[in-house]
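Here the sequence shown is numbered in the numbering used here, starting from 10 and rising by one per residue.
Careful, some of the hints might be misleading.
[Claimed, not checked] If you anchor each label on the Cβ, the simulated ranges turn out as follows: (1) Ala324 to Arg282: 45 to 51 angstroms; (2) Arg465 to Asp121: 48 to 54 angstroms; (3) Pro411 to Pro511: 35 to 41 angstroms; (4) Glu239 to Arg282: 45 to 51 angstroms; (5) Asp325 to Gln168: 50 to 56 angstroms; (6) Arg172 to Glu232: 49 to 55 angstroms; (7) Arg172 to Arg465: 18 to 24 angstroms; (8) Gln391 to Gln168: 50 to 56 angstroms.
Because the hints were derived from the structure by calculation, they are not lab data. The beta-carbon is built from N, C-alpha and C at its ideal position, and this holds for glycine as well.
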Amino acid sequence: MHKVIFDTSLRPTRRSILMGAAAAAGAGMMLPGGAFAQEATPQRGGTLRVSMPYNPASLDPITGRNLPDFNTLYALYDALIGFDDETLELQPMLAKSWDWADPSTLVLDLQDGVMFHDDTPFNAEAVVFNLRRGLDYARSNVKSDLAGVQEIEATGPLQVTIRLEAPNAALPAILSNRAGCMVSPASVQAAEDGNIDRAPVGAGPFRFIEWRDNDLIRLERNESYWQGPELPYLDGLELRIINELNTAARTVTSGQADVALQLAAQQIMVARRSDNIIATATTSMTYYTAFFNYARGPLADLKVRQAMNYALNRADLQQVLLMGLGEATCSVFPREFWASGPDAADYYPYDPERARALLAEAGYPDGVEIATLSWPDQAAMQRTEIIGNQLAQVGIRLNVTPVQPAQAIQVFMIDQQGDMLLSPTGGNPDPSLAFDRQFSATALRNAGKIELDGYRELLEATMSTYDFDERQQKLFELEMFVVENALHLPQYMSAGMSIQTPQVKDFTFGILAAPRFHTVWLDQA
(Lines of atoms letter the chains of each structure in order from A and count residues from 1; the text may use other names and numbers.)
(Lines give C-alpha, C1' and ligand atoms only; values in the text may rest on other atoms or scores of the structure.)
Protein backbone atom coordinates (compact mmCIF):
# COMPACT_ATOMS: atom_id res chain seq x y z
CA MET A 1 0.00 0.00 0.00
CA HIS A 2 1.14 3.56 -0.72
CA LYS A 3 0.80 6.11 2.05
CA VAL A 4 -1.19 9.27 1.31
CA ILE A 5 0.98 12.39 1.19
CA PHE A 6 -0.64 15.69 2.09
CA ASP A 7 0.19 18.61 -0.17
CA THR A 8 -0.82 22.24 -0.59
CA SER A 9 -0.77 22.57 -4.38
CA LEU A 10 -3.37 21.70 -6.98
CA ARG A 11 -1.05 19.05 -8.43
CA PRO A 12 -1.59 15.81 -6.51
CA THR A 13 1.12 13.26 -5.95
CA ARG A 14 1.22 10.68 -8.69
CA ARG A 15 0.59 7.69 -6.49
CA SER A 16 -2.31 9.10 -4.50
CA ILE A 17 -4.39 10.29 -7.43
CA LEU A 18 -3.58 7.58 -9.99
CA MET A 19 -2.88 4.37 -8.15
CA GLY A 20 -5.28 5.30 -5.40
CA ALA A 21 -3.56 3.02 -2.90
CA ALA A 22 -3.64 4.57 0.54
CA ALA A 23 -3.13 3.70 4.16
CA ALA A 24 -4.20 6.01 6.94
CA ALA A 25 -1.72 7.25 9.45
CA GLY A 26 -2.38 6.08 12.98
CA ALA A 27 -5.96 4.94 13.37
CA GLY A 28 -6.83 5.24 9.69
CA MET A 29 -9.15 8.24 9.98
CA MET A 30 -9.91 10.83 7.32
CA LEU A 31 -10.20 14.43 8.45
CA PRO A 32 -11.25 17.31 6.19
CA GLY A 33 -8.71 19.91 5.14
CA GLY A 34 -7.70 22.28 7.91
CA ALA A 35 -8.29 19.74 10.65
CA PHE A 36 -4.60 19.52 11.43
CA ALA A 37 -3.97 23.21 12.12
CA GLN A 38 -6.51 24.39 14.65
CA GLU A 39 -6.05 27.66 16.50
CA ALA A 40 -7.31 26.34 19.83
CA THR A 41 -8.70 23.26 21.50
CA PRO A 42 -12.05 22.42 19.86
CA GLN A 43 -15.16 22.74 21.98
CA ARG A 44 -18.10 20.39 22.00
CA GLY A 45 -21.64 21.67 21.58
CA GLY A 46 -23.71 24.19 19.72
CA THR A 47 -25.77 24.08 16.55
CA LEU A 48 -24.22 25.52 13.40
CA ARG A 49 -26.72 27.70 11.52
CA VAL A 50 -26.04 27.67 7.78
CA SER A 51 -27.74 29.76 5.11
CA MET A 52 -27.60 28.28 1.62
CA PRO A 53 -29.36 28.76 -1.72
CA TYR A 54 -31.27 26.06 -3.58
CA ASN A 55 -33.57 23.42 -2.22
CA PRO A 56 -31.88 20.01 -2.73
CA ALA A 57 -33.12 17.81 -5.53
CA SER A 58 -32.85 14.81 -3.22
CA LEU A 59 -31.04 13.66 -0.09
CA ASP A 60 -30.34 10.28 -1.67
CA PRO A 61 -26.80 10.65 -3.06
CA ILE A 62 -27.44 8.61 -6.20
CA THR A 63 -30.72 10.26 -7.23
CA GLY A 64 -29.71 13.88 -6.59
CA ARG A 65 -28.54 16.02 -9.46
CA ASN A 66 -27.20 19.38 -8.34
CA LEU A 67 -23.88 20.43 -6.86
CA PRO A 68 -25.47 22.32 -3.92
CA ASP A 69 -26.94 19.01 -2.74
CA PHE A 70 -23.48 18.41 -1.24
CA ASN A 71 -24.12 21.12 1.35
CA THR A 72 -26.05 18.34 3.08
CA LEU A 73 -24.83 15.05 1.60
CA TYR A 74 -21.37 14.92 3.20
CA ALA A 75 -22.90 15.65 6.59
CA LEU A 76 -25.23 12.65 6.28
CA TYR A 77 -23.03 10.23 4.38
CA ASP A 78 -19.41 9.19 4.55
CA ALA A 79 -17.97 7.96 1.29
CA LEU A 80 -15.74 4.97 0.69
CA ILE A 81 -12.82 7.26 -0.10
CA GLY A 82 -12.14 10.79 1.13
CA PHE A 83 -10.10 13.65 -0.27
CA ASP A 84 -8.17 16.71 0.83
CA ASP A 85 -10.39 19.77 0.44
CA GLU A 86 -7.68 21.88 -1.20
CA THR A 87 -5.77 19.44 -3.43
CA LEU A 88 -8.18 16.53 -4.08
CA GLU A 89 -5.56 14.14 -2.70
CA LEU A 90 -7.39 10.88 -2.05
CA GLN A 91 -7.54 9.82 1.59
CA PRO A 92 -8.91 6.89 3.59
CA MET A 93 -12.48 7.09 4.77
CA LEU A 94 -14.87 4.12 5.03
CA ALA A 95 -12.25 2.26 3.02
CA LYS A 96 -9.16 2.38 5.22
CA SER A 97 -7.00 1.32 2.26
CA TRP A 98 -7.30 0.31 -1.37
CA ASP A 99 -5.03 -1.01 -4.08
CA TRP A 100 -5.09 -2.23 -7.65
CA ALA A 101 -4.55 -6.00 -7.66
CA ASP A 102 -4.17 -5.61 -11.43
CA PRO A 103 -5.07 -2.75 -13.82
CA SER A 104 -8.74 -3.82 -13.84
CA THR A 105 -9.23 -5.01 -10.26
CA LEU A 106 -9.60 -2.64 -7.30
CA VAL A 107 -9.57 -4.09 -3.78
CA LEU A 108 -11.04 -2.08 -0.89
CA ASP A 109 -10.31 -2.89 2.76
CA LEU A 110 -12.97 -1.39 5.01
CA GLN A 111 -13.07 0.20 8.44
CA ASP A 112 -14.29 -2.07 11.24
CA GLY A 113 -17.00 -1.16 13.73
CA VAL A 114 -18.90 1.37 11.60
CA MET A 115 -22.67 1.58 12.10
CA PHE A 116 -25.32 3.29 10.00
CA HIS A 117 -27.67 5.75 11.67
CA ASP A 118 -30.32 3.00 11.98
CA ASP A 119 -27.84 0.87 13.99
CA THR A 120 -27.28 -1.62 11.19
CA PRO A 121 -23.66 -2.54 10.39
CA PHE A 122 -21.52 -1.15 7.60
CA ASN A 123 -19.57 -4.01 6.03
CA ALA A 124 -18.61 -5.53 2.69
CA GLU A 125 -22.15 -6.65 1.95
CA ALA A 126 -23.37 -3.08 2.46
CA VAL A 127 -20.80 -1.81 -0.03
CA VAL A 128 -21.82 -4.41 -2.59
CA PHE A 129 -25.48 -3.43 -2.08
CA ASN A 130 -24.73 0.27 -2.57
CA LEU A 131 -22.60 -0.11 -5.68
CA ARG A 132 -25.07 -2.50 -7.30
CA ARG A 133 -27.87 -0.07 -6.46
CA GLY A 134 -25.90 2.67 -8.20
CA LEU A 135 -25.72 0.50 -11.30
CA ASP A 136 -29.21 -1.03 -11.26
CA TYR A 137 -31.65 1.34 -9.56
CA ALA A 138 -33.95 2.84 -12.20
CA ARG A 139 -33.62 6.35 -10.72
CA SER A 140 -29.85 6.25 -10.25
CA ASN A 141 -27.91 9.19 -11.66
CA VAL A 142 -24.52 7.54 -11.13
CA LYS A 143 -24.83 4.74 -13.67
CA SER A 144 -22.39 6.42 -16.02
CA ASP A 145 -19.92 6.90 -13.13
CA LEU A 146 -19.90 3.14 -12.57
CA ALA A 147 -20.02 2.15 -16.23
CA GLY A 148 -17.47 -0.56 -16.91
CA VAL A 149 -17.90 -2.24 -13.53
CA GLN A 150 -18.19 -5.92 -14.35
CA GLU A 151 -18.34 -7.57 -10.93
CA ILE A 152 -18.62 -6.44 -7.30
CA GLU A 153 -17.82 -9.10 -4.74
CA ALA A 154 -17.48 -9.25 -0.97
CA THR A 155 -14.17 -11.12 -0.71
CA GLY A 156 -14.21 -10.93 3.07
CA PRO A 157 -16.40 -9.46 5.83
CA LEU A 158 -14.55 -6.14 5.43
CA GLN A 159 -13.14 -6.45 1.91
CA VAL A 160 -14.70 -5.68 -1.46
CA THR A 161 -13.21 -6.49 -4.86
CA ILE A 162 -14.36 -4.54 -7.91
CA ARG A 163 -13.54 -5.98 -11.33
CA LEU A 164 -13.74 -3.76 -14.39
CA GLU A 165 -14.16 -4.43 -18.07
CA ALA A 166 -11.17 -2.17 -18.70
CA PRO A 167 -8.77 -0.11 -16.56
CA ASN A 168 -10.25 3.05 -15.05
CA ALA A 169 -7.82 5.29 -13.19
CA ALA A 170 -10.73 7.52 -12.11
CA LEU A 171 -12.52 4.86 -10.07
CA PRO A 172 -11.04 5.68 -6.62
CA ALA A 173 -12.02 9.33 -7.07
CA ILE A 174 -15.48 8.28 -8.25
CA LEU A 175 -15.86 6.43 -4.94
CA SER A 176 -15.25 9.69 -3.07
CA ASN A 177 -18.34 11.23 -4.69
CA ARG A 178 -22.02 10.31 -5.04
CA ALA A 179 -21.41 6.72 -6.12
CA GLY A 180 -19.25 6.11 -3.04
CA CYS A 181 -21.59 7.63 -0.45
CA MET A 182 -22.86 4.72 1.60
CA VAL A 183 -26.55 4.46 2.56
CA SER A 184 -28.08 1.91 4.89
CA PRO A 185 -29.28 -1.10 2.85
CA ALA A 186 -31.98 -1.71 5.47
CA SER A 187 -33.40 1.79 4.92
CA VAL A 188 -33.64 1.21 1.17
CA GLN A 189 -35.23 -2.19 1.59
CA ALA A 190 -37.84 -0.75 3.97
CA ALA A 191 -38.74 2.20 1.73
CA GLU A 192 -41.49 2.06 -0.86
CA ASP A 193 -39.88 1.42 -4.25
CA GLY A 194 -36.51 1.92 -2.56
CA ASN A 195 -37.09 5.69 -2.54
CA ILE A 196 -35.10 7.36 0.27
CA ASP A 197 -34.99 10.83 -1.31
CA ARG A 198 -36.53 12.32 1.83
CA ALA A 199 -35.53 9.67 4.37
CA PRO A 200 -31.71 9.55 4.27
CA VAL A 201 -29.84 7.07 6.47
CA GLY A 202 -26.07 7.16 6.18
CA ALA A 203 -23.00 6.62 8.35
CA GLY A 204 -21.89 10.24 8.43
CA PRO A 205 -21.35 12.57 11.38
CA PHE A 206 -24.96 13.82 11.46
CA ARG A 207 -28.39 12.16 11.43
CA PHE A 208 -31.39 13.40 9.51
CA ILE A 209 -34.24 14.97 11.52
CA GLU A 210 -36.43 16.96 9.12
CA TRP A 211 -36.62 18.70 5.75
CA ARG A 212 -39.10 21.48 5.15
CA ASP A 213 -39.04 22.30 1.43
CA ASN A 214 -37.45 25.64 0.58
CA ASP A 215 -37.11 26.42 4.29
CA LEU A 216 -35.01 24.17 6.57
CA ILE A 217 -33.02 20.95 6.79
CA ARG A 218 -32.22 19.95 10.35
CA LEU A 219 -29.59 17.38 11.36
CA GLU A 220 -28.35 16.23 14.76
CA ARG A 221 -25.09 14.77 16.01
CA ASN A 222 -24.47 11.07 15.35
CA GLU A 223 -23.56 9.90 18.85
CA SER A 224 -22.14 6.65 17.46
CA TYR A 225 -19.95 8.18 14.79
CA TRP A 226 -17.17 5.79 13.84
CA GLN A 227 -14.34 8.35 13.81
CA GLY A 228 -14.33 8.56 17.59
CA PRO A 229 -16.35 9.80 20.57
CA GLU A 230 -15.30 13.44 20.13
CA LEU A 231 -16.44 13.85 16.52
CA PRO A 232 -18.41 15.64 15.37
CA TYR A 233 -17.97 18.55 17.77
CA LEU A 234 -21.29 20.17 16.86
CA ASP A 235 -24.60 19.11 18.38
CA GLY A 236 -26.32 19.68 15.07
CA LEU A 237 -26.79 21.60 11.84
CA GLU A 238 -29.64 23.86 10.77
CA LEU A 239 -29.44 24.54 7.05
CA ARG A 240 -31.73 27.38 6.03
CA ILE A 241 -32.67 27.53 2.35
CA ILE A 242 -32.57 31.18 1.25
CA ASN A 243 -32.45 31.70 -2.50
CA GLU A 244 -31.98 35.48 -2.39
CA LEU A 245 -28.24 35.86 -1.86
CA ASN A 246 -28.27 39.30 -0.25
CA THR A 247 -30.78 38.02 2.27
CA ALA A 248 -28.62 34.94 2.93
CA ALA A 249 -25.59 37.15 3.56
CA ARG A 250 -27.55 39.41 5.90
CA THR A 251 -28.46 36.44 8.09
CA VAL A 252 -24.77 36.19 9.00
CA THR A 253 -24.12 39.90 9.42
CA SER A 254 -27.23 40.21 11.60
CA GLY A 255 -26.33 37.23 13.78
CA GLN A 256 -29.18 34.98 12.60
CA ALA A 257 -26.77 32.49 11.00
CA ASP A 258 -23.14 31.46 11.43
CA VAL A 259 -22.22 30.64 7.81
CA ALA A 260 -23.61 31.48 4.36
CA LEU A 261 -22.60 29.36 1.36
CA GLN A 262 -22.53 29.71 -2.44
CA LEU A 263 -22.63 33.48 -2.40
CA ALA A 264 -21.75 35.81 -5.26
CA ALA A 265 -18.99 38.38 -5.50
CA GLN A 266 -21.28 41.23 -4.46
CA GLN A 267 -21.92 39.68 -1.06
CA ILE A 268 -18.21 38.96 -0.55
CA MET A 269 -17.27 42.56 -1.27
CA VAL A 270 -19.93 43.91 1.09
CA ALA A 271 -18.99 41.45 3.85
CA ARG A 272 -15.32 42.44 3.63
CA ARG A 273 -16.25 45.89 4.87
CA SER A 274 -17.17 44.41 8.24
CA ASP A 275 -14.53 43.75 10.90
CA ASN A 276 -16.71 41.04 12.45
CA ILE A 277 -17.21 38.87 9.37
CA ILE A 278 -14.80 36.50 7.60
CA ALA A 279 -15.40 36.50 3.84
CA THR A 280 -13.52 33.99 1.67
CA ALA A 281 -13.21 33.43 -2.07
CA THR A 282 -11.08 30.35 -2.72
CA THR A 283 -9.99 28.41 -5.80
CA SER A 284 -12.89 26.31 -6.98
CA MET A 285 -13.60 23.51 -9.45
CA THR A 286 -17.03 25.05 -10.06
CA TYR A 287 -17.41 26.83 -13.39
CA TYR A 288 -20.18 28.65 -15.18
CA THR A 289 -21.15 27.44 -18.62
CA ALA A 290 -24.05 26.81 -20.95
CA PHE A 291 -24.88 23.18 -21.66
CA PHE A 292 -25.62 22.64 -25.35
CA ASN A 293 -27.97 20.18 -26.99
CA TYR A 294 -25.76 19.66 -30.03
CA ALA A 295 -27.77 16.69 -31.31
CA ARG A 296 -30.28 18.90 -33.14
CA GLY A 297 -31.26 22.45 -33.99
CA PRO A 298 -28.83 25.31 -34.61
CA LEU A 299 -26.32 24.00 -32.04
CA ALA A 300 -25.78 20.84 -34.09
CA ASP A 301 -23.62 23.06 -36.30
CA LEU A 302 -20.04 23.42 -35.06
CA LYS A 303 -19.79 26.90 -36.59
CA VAL A 304 -22.73 28.16 -34.53
CA ARG A 305 -21.22 26.75 -31.34
CA GLN A 306 -17.85 28.31 -32.16
CA ALA A 307 -19.50 31.63 -33.02
CA MET A 308 -21.08 31.72 -29.57
CA ASN A 309 -17.71 31.13 -27.98
CA TYR A 310 -16.01 33.90 -29.99
CA ALA A 311 -18.89 36.26 -29.14
CA LEU A 312 -18.24 36.15 -25.39
CA ASN A 313 -16.03 38.75 -23.75
CA ARG A 314 -15.06 36.53 -20.85
CA ALA A 315 -12.75 39.06 -19.23
CA ASP A 316 -15.65 41.51 -18.96
CA LEU A 317 -17.92 38.79 -17.59
CA GLN A 318 -15.39 38.01 -14.89
CA GLN A 319 -15.05 41.64 -13.91
CA VAL A 320 -18.76 42.45 -13.96
CA LEU A 321 -20.19 39.24 -12.53
CA LEU A 322 -17.32 38.12 -10.28
CA MET A 323 -15.83 41.55 -9.55
CA GLY A 324 -12.44 40.18 -10.55
CA LEU A 325 -12.67 37.02 -8.46
CA GLY A 326 -12.28 33.59 -10.10
CA GLU A 327 -10.88 33.50 -13.62
CA ALA A 328 -12.13 33.84 -17.19
CA THR A 329 -11.75 30.56 -19.09
CA CYS A 330 -12.72 28.50 -22.13
CA SER A 331 -12.10 25.25 -20.23
CA VAL A 332 -13.44 23.29 -17.27
CA PHE A 333 -10.50 23.48 -14.83
CA PRO A 334 -8.62 26.23 -13.00
CA ARG A 335 -5.41 27.11 -14.82
CA GLU A 336 -3.18 25.79 -12.02
CA PHE A 337 -4.96 22.43 -11.82
CA TRP A 338 -2.76 19.53 -12.87
CA ALA A 339 -5.11 18.38 -15.66
CA SER A 340 -5.42 21.83 -17.26
CA GLY A 341 -3.42 22.16 -20.49
CA PRO A 342 -1.48 25.24 -21.62
CA ASP A 343 -3.73 26.24 -24.54
CA ALA A 344 -7.33 25.58 -23.56
CA ALA A 345 -8.21 28.41 -21.17
CA ASP A 346 -7.66 31.19 -23.75
CA TYR A 347 -8.60 29.28 -26.89
CA TYR A 348 -11.48 31.61 -27.90
CA PRO A 349 -10.42 35.27 -27.76
CA TYR A 350 -13.19 37.84 -27.91
CA ASP A 351 -13.70 38.25 -31.67
CA PRO A 352 -17.21 39.44 -32.67
CA GLU A 353 -16.27 39.79 -36.35
CA ARG A 354 -15.21 36.15 -36.52
CA ALA A 355 -18.41 35.17 -34.71
CA ARG A 356 -20.55 36.96 -37.31
CA ALA A 357 -18.59 35.34 -40.14
CA LEU A 358 -19.08 31.87 -38.70
CA LEU A 359 -22.83 32.47 -38.31
CA ALA A 360 -23.01 33.53 -41.97
CA GLU A 361 -21.08 30.43 -43.04
CA ALA A 362 -23.53 28.30 -41.04
CA GLY A 363 -26.45 29.83 -42.97
CA TYR A 364 -27.51 32.46 -40.42
CA PRO A 365 -26.40 35.79 -41.91
CA ASP A 366 -29.26 37.56 -40.13
CA GLY A 367 -28.58 35.86 -36.80
CA VAL A 368 -30.10 32.94 -34.94
CA GLU A 369 -32.41 32.40 -31.98
CA ILE A 370 -31.39 30.00 -29.19
CA ALA A 371 -34.08 28.60 -26.87
CA THR A 372 -32.44 29.02 -23.48
CA LEU A 373 -33.20 27.89 -19.95
CA SER A 374 -31.77 29.70 -16.93
CA TRP A 375 -32.13 29.55 -13.17
CA PRO A 376 -34.61 32.16 -11.86
CA ASP A 377 -32.68 33.65 -8.92
CA GLN A 378 -31.49 37.23 -9.09
CA ALA A 379 -27.81 36.43 -9.71
CA ALA A 380 -28.62 33.91 -12.45
CA MET A 381 -30.96 36.27 -14.25
CA GLN A 382 -28.35 39.04 -14.13
CA ARG A 383 -25.77 36.65 -15.58
CA THR A 384 -28.19 35.55 -18.30
CA GLU A 385 -28.99 39.13 -19.25
CA ILE A 386 -25.34 40.16 -19.55
CA ILE A 387 -24.40 37.07 -21.57
CA GLY A 388 -27.46 37.57 -23.74
CA ASN A 389 -26.46 41.17 -24.44
CA GLN A 390 -22.98 40.08 -25.52
CA LEU A 391 -24.32 37.38 -27.83
CA ALA A 392 -26.91 39.77 -29.27
CA GLN A 393 -24.09 42.00 -30.56
CA VAL A 394 -23.31 39.34 -33.19
CA GLY A 395 -26.92 38.35 -33.90
CA ILE A 396 -27.40 35.49 -31.43
CA ARG A 397 -30.72 36.06 -29.67
CA LEU A 398 -31.57 34.18 -26.48
CA ASN A 399 -35.22 33.26 -25.89
CA VAL A 400 -34.99 32.70 -22.12
CA THR A 401 -37.23 30.63 -19.86
CA PRO A 402 -36.40 30.80 -16.12
CA VAL A 403 -36.67 27.39 -14.41
CA GLN A 404 -35.79 26.27 -10.88
CA PRO A 405 -32.50 24.26 -10.73
CA ALA A 406 -34.06 20.87 -9.95
CA GLN A 407 -36.65 21.31 -12.69
CA ALA A 408 -34.17 22.76 -15.18
CA ILE A 409 -32.24 19.52 -15.35
CA GLN A 410 -35.46 17.55 -15.87
CA VAL A 411 -36.76 19.91 -18.56
CA PHE A 412 -33.53 20.36 -20.52
CA MET A 413 -31.47 17.22 -19.97
CA ILE A 414 -34.19 14.60 -19.69
CA ASP A 415 -37.21 16.05 -21.54
CA GLN A 416 -34.83 17.73 -24.06
CA GLN A 417 -36.68 21.04 -24.22
CA GLY A 418 -34.63 23.99 -25.39
CA ASP A 419 -31.26 24.42 -27.05
CA MET A 420 -29.13 25.30 -24.03
CA LEU A 421 -29.13 25.68 -20.26
CA LEU A 422 -27.09 28.35 -18.47
CA SER A 423 -25.88 26.84 -15.22
CA PRO A 424 -22.90 26.38 -12.93
CA THR A 425 -21.42 22.91 -12.81
CA GLY A 426 -18.23 21.12 -11.80
CA GLY A 427 -17.26 19.79 -8.41
CA ASN A 428 -15.94 16.52 -9.84
CA PRO A 429 -13.16 14.78 -7.91
CA ASP A 430 -11.36 13.44 -11.00
CA PRO A 431 -10.72 15.14 -14.37
CA SER A 432 -11.83 12.17 -16.45
CA LEU A 433 -15.06 12.15 -14.48
CA ALA A 434 -15.52 15.86 -15.18
CA PHE A 435 -15.58 15.17 -18.92
CA ASP A 436 -17.57 11.95 -18.61
CA ARG A 437 -20.38 13.56 -16.60
CA GLN A 438 -20.88 16.33 -19.11
CA PHE A 439 -20.04 15.01 -22.57
CA SER A 440 -20.52 11.22 -22.64
CA ALA A 441 -23.63 9.92 -24.38
CA THR A 442 -24.89 8.44 -21.10
CA ALA A 443 -24.19 11.60 -19.09
CA LEU A 444 -27.17 13.35 -17.52
CA ARG A 445 -25.81 16.74 -18.61
CA ASN A 446 -25.53 15.70 -22.27
CA ALA A 447 -29.05 16.57 -23.36
CA GLY A 448 -28.65 15.19 -26.90
CA LYS A 449 -27.17 11.87 -25.70
CA ILE A 450 -24.67 11.72 -28.55
CA GLU A 451 -20.87 11.69 -28.75
CA LEU A 452 -18.80 13.23 -31.51
CA ASP A 453 -16.38 10.99 -33.40
CA GLY A 454 -13.12 10.69 -31.51
CA TYR A 455 -14.45 11.61 -28.08
CA ARG A 456 -14.81 8.07 -26.72
CA GLU A 457 -11.28 7.03 -27.67
CA LEU A 458 -9.80 10.10 -26.00
CA LEU A 459 -11.85 9.66 -22.83
CA GLU A 460 -10.94 5.99 -22.50
CA ALA A 461 -7.27 6.82 -23.02
CA THR A 462 -7.38 9.12 -19.97
CA MET A 463 -8.68 6.27 -17.84
CA SER A 464 -6.60 3.38 -19.12
CA THR A 465 -3.17 4.53 -18.01
CA TYR A 466 -1.76 4.69 -14.48
CA ASP A 467 1.36 6.62 -15.47
CA PHE A 468 0.93 10.22 -14.29
CA ASP A 469 2.68 12.01 -17.16
CA GLU A 470 0.98 9.90 -19.80
CA ARG A 471 -2.43 10.38 -18.24
CA GLN A 472 -1.89 14.12 -17.92
CA GLN A 473 -1.03 14.37 -21.63
CA LYS A 474 -4.14 12.38 -22.58
CA LEU A 475 -6.24 14.73 -20.45
CA PHE A 476 -4.74 17.71 -22.27
CA GLU A 477 -5.75 16.12 -25.59
CA LEU A 478 -9.31 15.46 -24.41
CA GLU A 479 -9.58 19.00 -23.06
CA MET A 480 -8.58 20.41 -26.46
CA PHE A 481 -11.09 18.15 -28.25
CA VAL A 482 -13.90 19.57 -26.11
CA VAL A 483 -12.69 23.14 -26.63
CA GLU A 484 -12.10 22.89 -30.38
CA ASN A 485 -15.51 21.28 -30.91
CA ALA A 486 -17.18 23.91 -28.71
CA LEU A 487 -19.24 21.32 -26.87
CA HIS A 488 -20.44 23.96 -24.40
CA LEU A 489 -20.13 27.68 -23.66
CA PRO A 490 -17.79 28.11 -20.65
CA GLN A 491 -17.55 31.60 -19.19
CA TYR A 492 -15.45 31.59 -16.02
CA MET A 493 -14.21 29.54 -13.12
CA SER A 494 -16.03 30.60 -10.02
CA ALA A 495 -14.52 31.04 -6.59
CA GLY A 496 -15.77 29.16 -3.56
CA MET A 497 -17.52 32.08 -1.85
CA SER A 498 -18.73 32.00 1.72
CA ILE A 499 -18.95 34.24 4.76
CA GLN A 500 -18.89 33.29 8.42
CA THR A 501 -18.63 34.69 11.91
CA PRO A 502 -15.31 34.43 13.78
CA GLN A 503 -16.94 31.97 16.18
CA VAL A 504 -16.94 29.29 13.46
CA LYS A 505 -13.71 27.30 13.61
CA ASP A 506 -12.10 24.82 11.22
CA PHE A 507 -14.56 25.40 8.40
CA THR A 508 -13.20 24.95 4.87
CA PHE A 509 -15.21 25.68 1.72
CA GLY A 510 -12.86 23.62 -0.40
CA ILE A 511 -12.06 23.35 -4.08
CA LEU A 512 -15.12 21.15 -4.79
CA ALA A 513 -17.48 23.58 -2.98
CA ALA A 514 -18.78 20.54 -1.11
CA PRO A 515 -18.47 21.47 2.58
CA ARG A 516 -17.81 18.92 5.28
CA PHE A 517 -18.65 19.61 8.89
CA HIS A 518 -16.88 16.68 10.59
CA THR A 519 -14.42 18.84 12.52
CA VAL A 520 -16.16 22.23 12.53
CA TRP A 521 -16.72 23.68 15.99
CA LEU A 522 -18.12 26.83 17.58
CA ASP A 523 -16.16 29.03 19.93
CA GLN A 524 -18.82 29.66 22.56
CA ALA A 525 -16.59 31.62 24.95
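Hints that the structure is at odds with (numbers, increasing):
1, 2, 4, 6
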